[in-house]
Structure formats: structure tokens, C-alpha cells
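J.: Place chain B on chain A using the hints.
Chains A and B supply the protein sequences, listed in that same order. Residues 17 to 320, numbered by this note's numbering, are exactly what the first sequence covers, in order. Residues 17 to 320, numbered by this note's numbering, are exactly what the second sequence covers, in order.
No lab work stands behind these hints: they were computed from the structure. Hints may be right or wrong, so weigh each one.
Identical copies carry no separate label here, and so any pair may be met within one copy or between two of them.
[What the hints assert, rightly or not] Using 30 Å as the maximum straight-line C-alpha spacing, the simulated DSSO-like pairs for lysine-lysine come out as follows:
| # | residue 1 | residue 2 |
| --- | --- | --- |
| 1 | Lys51 | Lys280 |
| 2 | Lys62 | Lys195 |
| 3 | Lys280 | Lys62 |
| 4 | Lys195 | Lys280 |
| 5 | Lys51 | Lys62 |
Number of protein chains: 2
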Amino acid sequence: MTALNTDAAPNWIAADWGTTHLRLWAMRGNEVLSKRSCDQGMGRLKPAQFGSVLEAEIAQWGTDWGGIPVVACGMVGSRQGWTEAPYRATPTDPRAQLIRVPDHAARPVYIACGIRQDDPPDVMRGEETQIAGLLAQSPDFDGIVCLPGTHTKWVRLRAGQIERFQSCMTGELFELLAKHSVLRHTLDTDGSDLPAFDAACVEALADPARAYGELFALRAGALLNGFDPNSAASRLSGMLIGWELAATRDLWTGHTVALIGSPKLAALYARALGANGVETQDYPTEPTTLAGLHAAWQTIGACP
Amino acid sequence: MTALNTDAAPNWIAADWGTTHLRLWAMRGNEVLSKRSCDQGMGRLKPAQFGSVLEAEIAQWGTDWGGIPVVACGMVGSRQGWTEAPYRATPTDPRAQLIRVPDHAARPVYIACGIRQDDPPDVMRGEETQIAGLLAQSPDFDGIVCLPGTHTKWVRLRAGQIERFQSCMTGELFELLAKHSVLRHTLDTDGSDLPAFDAACVEALADPARAYGELFALRAGALLNGFDPNSAASRLSGMLIGWELAATRDLWTGHTVALIGSPKLAALYARALGANGVETQDYPTEPTTLAGLHAAWQTIGACP
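This is chain A alone, in the form it adopts within the complex (with noise of 0.2 Å):
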């Protein structure tokens, strides 16, 4: 818990609740006066859970504010999670549409709708708010949002809707690679050697085929070359990347790239798109997050 300000009582509260973690924010219109957080992500409970950890995670800050109410985002909406919130078909608005939890009687809990592409099929949940965040700040925006992550997202924003989206699964390939396959005896997971990602990622754009053939020989590498673990997690990094900018090529050519991600992953999206011409610009996941929540906040009224 990090207390911020406890001066005013919440009017409502802020919500991000994913497959491995719940985040809440204590807010005060779009004023954050306190927030915590818990591994008691999706992944872990049962439908009939959610409530009392929310209302447990509510009662750590000292008191239940009851009845003020909760709007969340994230895979707490999907099938497996606390009450499904259907996906909606693009082309959209990202900013969000709630569902209500029925029979939760300790405050109003609404929660965020996904959306899905039809062909080819996708889908995101979470992500449709931080864009809904993005569009709060730059009401104007119009190009591509890149969220990179476990499931990076590229999605064509074109004056206020959602065109069109791309999922790339570059950081779970990532983690796999790196942490459970042959891979794992010659990686540091940490890579720090930008100019070995910068020529990586250079290749494998170029020639996404070879990149494929070159996995492994990251594992040859070490056990011929005693190639640097530092360098080769860079390497691996900069690979799945490249691949990743030829897989979204005509989404990003052309466009200018709102990045929403943590700082470190989003430097790597940028130096790679900026190799290639490609002005970003950054929008930190946290308050990206909690400006689309605050947006759906105010729609609360109109909630069916």
C-alpha cells in the first residue's frame, strides 16, 4: 500500500484485475489517493471468489467504503474469470462499455467489456481501456497502438474507433524460450547489449525465415563460442521483435506508434521502430490505465 492521500474519502474505485495480479487505485475523481495491489490475479480463482477478495483487498486499507463502487478491467470479465463481459465486434469505440456483477451486495461492480475481431479472429481484454486512456489524454489521436507484453497488441485507432488488431504472442515466446527451452542453459534473462538486439532485430525483420533457423544457434553459440548469456537473451529479444515488425508491417509503415507498456519494453519497441523510421510515442501504462478506467467511471450512469 502506498498512501498518497488520505485526506479525502474515495468517491469510487479503480480496478486492473489480470491473469496474475489485482491492482487497485482508491480514487477521488480522477485524483489517485492510495493503491494496492495482490497476486490474486483471474488465474487463481474461482468464479465464486472474486467478490470476497475484493472485498478483503478493499478492508486492507482499513475500512470497507462500502457501496462505493468498483470499475475493473481485465480478464476478471472473461469466461473464466468473475462475470463475463462479452466481447465487442470491431470496428468500435475502445472506450468502455460495463456490465454489471449481479449478486455481489457490498457495492456496484461493473466491469469492462473486451473486444474481438471476427477475421482474422482476435481479441483483447484490458487493452480496449488503456486505449480508451490514451484517447482521454489525445482525444485526436489517429495511427497504430502498440501494447507490448505477454500478448503485444497492434491496433489501428482511426478517428476514435478500433479498425483493426494484431496479437503477437512475442513475450510469452520470450519467456518460454528463455526460462524452459534448450535456450535456458545460455541466457541471461536480463539483456542489456543493445547493439546485439539493434542487429537482431535488423535481420530478422529483414528475413524473418532465417531468424527462425537461428534460434538455435544461440545454444551452439554459447557451447562453441562461450557466446555472452547478456548478449544472447539481446539477441533472442531483438529476434522475436524483428519478427514481430515484419508479422505488423502494414499496420505500423507509414504511422506514427503510441506505445502503452512498462519502460523498459516500450525502449525496445521504439528503438526498433525508430530504426525504422517510426516516430513513437509513450504513454505509461499506470496512468493510461487509469485515465480509460476514470472515462468509464463517468459513464457509469449510463450503465445498463
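T.: For chain B alone, coordinates are given in the frame of chain A:
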């Protein structure tokens, strides 16, 4: 234990000792008298344990066949194995060069050296013996040898020499994605939808970058359209093999490809290559490995 012929005593014992398994064959010349296997692979053994594991496994035959030599290939010869059998550099004759394990009193034990390629870096250990087995059966083979598996090898074999080779992590990637990624919810690991395999393979070979972007579509297609888990598994298999064919195109184009692998996997590669006009020949794993170990055994007089 499968008793095939116990009338005769063996004059040598063949061993394929990999990361996960130890496979033993009691041999008289090139005739298999009996075989057995256990899960005491290199991955779970310390160097000091290999000798007693080997003797205990041989003793399961009801005799210790003391003094009868063992000829082994595979990860038993790696740095983490029993005794390191150093890599030989390409170009080189795949026919085994053996090192003898020091200080094993019960019998002479010989291990085949692996092969390395310095640029681009690559290694094999065990496959060289299978390729030697292919040459024992087809001395004039000129073309490409493909050994599909966890780390599939593509090997240019000319005039009895391995000129160069390329490893692809296709088998390991399939395992990681099918069992440990978000796709695990979506895939039945026994994909048998051959039209789905064919289509994905063609697409990935034609446009490997796009295939990268379509991995997550397997998950989204299951969520939105109830995409069949069996077809999804076949599609992932086709995507990865198509990608691998794109990465190795300069190796297999215009050549005959000899396939050394399990019948199921070899059939998928034969199908994918056949669709590209490439003729394939099957060399089943066990007899080919034994032919290579037999050729190695015949060289023992020349062993250092």
C-alpha cells in the same frame, strides 16, 4: 525387454543414450539379439552415475556379459554426460570417431564424437551416427538428410561428407506452445487434420512473417469460433514445419531428402516436402541408428 534371439551370446552392445532415455541392444555383428530401454537419460544423471546405471541395466538381462564392449552415441558424450566426446568440425565424415571412457573396469565403453559447425554455429550429437547408418545402407547417397525431432537437423551430405547443417527448434517449439503457452487451452496435441496441416504449411512457407502473427489467432479462433482443438494442433504443426522449410529452403531445394525419424513425424515432413516437389526417402530411426553404431563398432581396433 524384448527377447528376439537368445541362442547366441552378443559380441557387442549398442547404446543410444540421449537426454531422456537409455536404449540398449545386445548385438552379434549386425544382428539384434535382445533390446531394452529405461528412462535413465543424461539429463538426470551425474557423471559418476553413468557407469553403474549402464551395468545395472545390462545386468537386467540376467547376465553381466562382462568384458563385452559397448558402443554409444548421443548426449552421453556431452560435457554434462559421462565423458566428453569432443565435437569434430565440418566438413567431416559422419562415420563415428570414438573416444573410450576411462576408468570403467567392467568393460570397454566407447562414445561417438559429435559434430560442430563453426559458422553459423551449430552442433549435433547422436545424429552423426544415424547419418553414418544411412551411409552404411546407401553408400552413394548424395543430398539432404533431415532428422526431425526436438531440434530437427538438416544436413547437406555430399561424397560421404557432412558439408554443412542447420538445426531448427521446431519440435521443442511445438511442445512449448502446445503444452505451456496460452495455446494449451486450445490444442489437442494429437493433431490429425491433414488438410489443416497442409494449408498452414503452405501459408507459413510463403509468408513466414505472417505466420508469426497468426499464432495467437489459434487461441482467438477457439474463443470466438470454437475452432476444433485437433485442427488447431494440426495447424500449429503445419505453421512450424512450413516456417522451418522457409528457413532451410536453400538446403532442400532441388535435392532428394532422406528422412530419419519417427514414422509419424517423418510422414508430416514427407508430406510438406512432397507438396514442394521434393522427393523423400524414409530411413526408420532404429535400424538406421543401429547400422551407424555397427559401423562404429567395426572401427574399434582403430580407436584411440
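J.: Of all the hints given earlier, name the ones this structure violates by number, lowest first.
T.: Those not satisfied come down to hint 3.
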